[in-house]
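J.: Between the sequences and the hints, there should be enough to build the whole structure, so can you do that?
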Amino acid sequence: MPHDVSNTSASHSNASGLNVTVLVSVGRHPLTARARRADQDARAVEMALTLESTSVNLLHAGQQDSDHEAAIRGYLGMGIDSVGLIEQKPQADVVPALAKALRASASQLVLTGTRAETGEASGVMPYLLAEALGWPIITGLAAVEKIEQGTAVVLQALPRGKRRRLRIRLPAIATVDSSAPPARQSAFGPAKRGVLNLHQEPSEIDEALSSWHIQPARKRPKRLKIVKSSSARDRFKAAAAKADGGGGQTLSDVTPEQGAEAIFKLLKEEGVLR
Amino acid sequence: MLDTLLPILLFSALALAAIGAVRRVRLWRQGRPSSVPVIKGLMQVPRRYLVDLHHVVERDKLISHTHVATAGGFVLAALLAIVVHGFGLDSAILAWVLLAATTSMFLGSLVVAKRRSPPPSRLSKGPWMRLPKSLMAFSLGMFVVTLPTAGILPEGFFQSGAGWLAALALTGVIIWGLGEMFFGMTWGGPMKHAFAGALHLAFHRRPERFSNRTGGEHRSTGLKALPLEDDTAKLGVEKPADFTWNQLLGFDACVQCGRCEAMCPAFAAGQPLNPKKLIQDMVVGMAGGTDAHYAGSPYPGKPVGEHAGSPHGPIVNRAGGALVDAETLWSCTTCRACVEECPMMIEHVDAIVDMRRFLTLEHGNTPNKGAEVLDNLIATDNPGGFDPDSRLHWAADLNLPLMADKREAEVLLWLGDGVFDMRNQRTLRAFISVLRAAGVDFAVLGNEERDSGDVARRLGDEATFQSLARRNIKTLSQYRFSRIVTCDPHSFHVLKNEYGELGSAETPADYEVYHHSTYINQLVIDGKLAFKAWKGGSVTYHDPCYLGRYNGEYEAPRAVLKALGIEVQEMARSGYRSRCCGGGGGAPITDIPGKQRIPDMRMEDVRETGADLVAVGCPQCTAMLEGVVEPRADIKDIAELVADALVIEAPAEKATQSKPAPAAPRTVEEVMP
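Quick mapping for you: the protein sequence lines, in order, are chains A and B.
Each residue of the first sequence is one higher than the one before, counting from 595 in my numbering.
Each residue of the second sequence is one higher than the one before, counting from 904 in my numbering.
Keep in mind that the hints were calculated from the coordinates and are not lab data.
What you were told as hints is all true, and nothing was included just to trick you.
No more than 25 Å apart at the CA atoms, straight line, and that leaves these computed lysine-lysine pairs for BS3-like:
hint, chain 1, residue 1, chain 2, residue 2
1, A, Lys831, A, Lys756
2, B, Lys1127, A, Lys786
3, B, Lys1036, B, Lys1095
4, B, Lys1028, B, Lys1205
5, B, Lys964, B, Lys1017
6, B, Lys1017, B, Lys1095
7, A, Lys683, A, Lys694
8, B, Lys1465, B, Lys1438
9, B, Lys1377, A, Lys786
10, A, Lys786, B, Lys1137
11, B, Lys1272, B, Lys1498
12, B, Lys1272, A, Lys786
Partial selection, computed: residues in chain B whose CB lies under 8 Å from chain A:
hint, residue
13, Leu1138
14, Glu1265
15, His1266
16, Gly1267
17, Asp1290
18, Ala1366
Each residue gets a CB set at the ideal place from its N, CA and C atoms; glycine is no exception.
T.: Given below as structure tokens:
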């Protein structure tokens, strides 16, 4: 059965202009563990909805059960007619299925949260997907400023409120974290009426994952930060101090070779490469 | 001439009125269907008018008498005029009665005219300003034209000489009078209120509100459930035509007296809401057009004439500029002061919640913190987003009996979401000490309790309300208890009046629910509590809307205060006219700005009584009133006042235990330098 995501996922607004696909996952409330729309994914949907003259498609790969369905419907409640649902087994690696669906679609921009709230939640999925598709990836998207002639001008969020303006070639994958604008309210009526376009796809079982033993994280005691200070000014400084990353260097106006050299050196120093 | 002209005028006015009536009925029938007992309803009109409606009107004695004279005189005069002048029945007795009726109507219209010179701000001007003159025209015209029939003027007076001129003038006056009173009644003139009002009473959406001969309480304040099962149905009210037809009829009955406006806390605070204007806007929407002809007070800060609508056009636009702005709907505290005050028994709060339901359930547009609170209610079953397993953390030292352990108890104590609020925890502690002092067998649900759903429902999120309510009902159905007691009037109202509709055959949800003030009063009457003498200063009492207006409990809190030896210094607005604290209906969550804050106005009411302390019975009221900057009166819940005054006779053995133990030698001592 061929899968054409752009056919099965209905579009949000007029089909002219850009085709944006948002990958959505099932979230988990931090206190009660109830399934919900994932916060970062919802922000990605919000960002897609605010883009002008764009058709927005939602895509989810995962199991299909009532809990998950309620969570996925949370995205539909933001004012979207349908979501494409690629059914996968619980232990499946969803990257191949997603890559296949995205390749078949006419999507030029793929948005998703930085990290899922359930499952492995390693945050690696967007990278693997970008690798599989051969598309560039940008992280920490804060805003899309302009899209023209196959490139997008975007703002990337950096720590402590800094923003960096980037120009990226489309198609591309962009991840959204909590520096993006918060998601709009999910309304009950549209969520209930929205359509789930279900299609089967063979699941590629993630062998490594199935051999893992997964258990809830143990709560670890937090190290107390002892502030030795005599004055209010010192205490304020300590409270407001920025976390020092230490070290590091900024390279500018270097050739790609020099840049790669520097990165390679750093990775060796940090023990990432041996 | 008049003998032939008068029947023609009368019957053509009646015919035009009949055509207008059909047109008006068709306007109402644009609404959604709603089945009502037609004949039974129409039969009830006299009683509903003379007893229930008059009961409200009578709060203003002068206007009540004026209305009896004018309306009674008019109805009688109109009927007799049809008989005497329309059918030409030449009866001196009937003519004398007709003279008396028109005299009564004329006297009434004099008072109406006096009230409108100058009109108070709450009254609408425009066409309403000519109504007293029209009443006079009808009554005077009918009076003079009847004089020959009654034998006071010679027969044929109007056919002779100067009589012709008089007849001509008289015809003009009568045409004016008939035009206003018959034609205007169904074609949208001020007299529309009589026609629509009578039918509104007959087909009212809440027939339970009206008394019957058996007596008893007649109150219907619980919101009606919205069916959510139908996947295609639109939820809530988007367009005027989405109201049920009898709701539209109710809006049309509005007489624009502005009593609602005078009582509305949001209007007084300068928030963009005026209940009268809202109802008039619904009429504008039903008939189509703009609000430019509205001649009363506008929504504060919103000029008249900028909004327009049609029966099948949206009431609220995302961008604004439709019939009503969303912030108007979100300003309401659902305090029901307007409904309580409305002499036409219009249901403003129902309409507002219906429109909010659309905004929340279909648009997903609950303002400010609304979306966050609803998300919290969905994810954590409480509006603050606290861990639902921490509901009893505040009571770690109280050793509260849990329903899960006991399975049954005399009293199920419903704690409410106040458990997460440190101020309300003091109230709950106080009430628990009262229960223990009275030896009441009680238990709490603990972590099994959820938000009652009140705030979700008032914010229009019927889905979350029903989900919470159904799960609460399921939990409650596992245990046996005689009654539920709660310190929160909002939970009290919802459990008592709104859960019933959601119960099923296996899990009925008809509970006997008490507010803690009522229950304490019961304990006092049963002699289970003993109090010290009151030593504090003067005290006033603030009636919570959801206890008073919603449930009619004005007496028990006052009786408890009296038992404590407190003489309540009543505020000017107390009892059924109590002013809202501003905390209801999700108003603190949607937080629509105004010129001043509602709780500030309420504390000003308190200050006027000179009281040092204001007794309250609601966690919302406590929070809102305590948020007012000092200097102000102290705020204490009734439970706290009772707990402070308790005289607890400790059992003998316990008393010995609590004596200070003999000083044991300490193994570790602090070394003092």
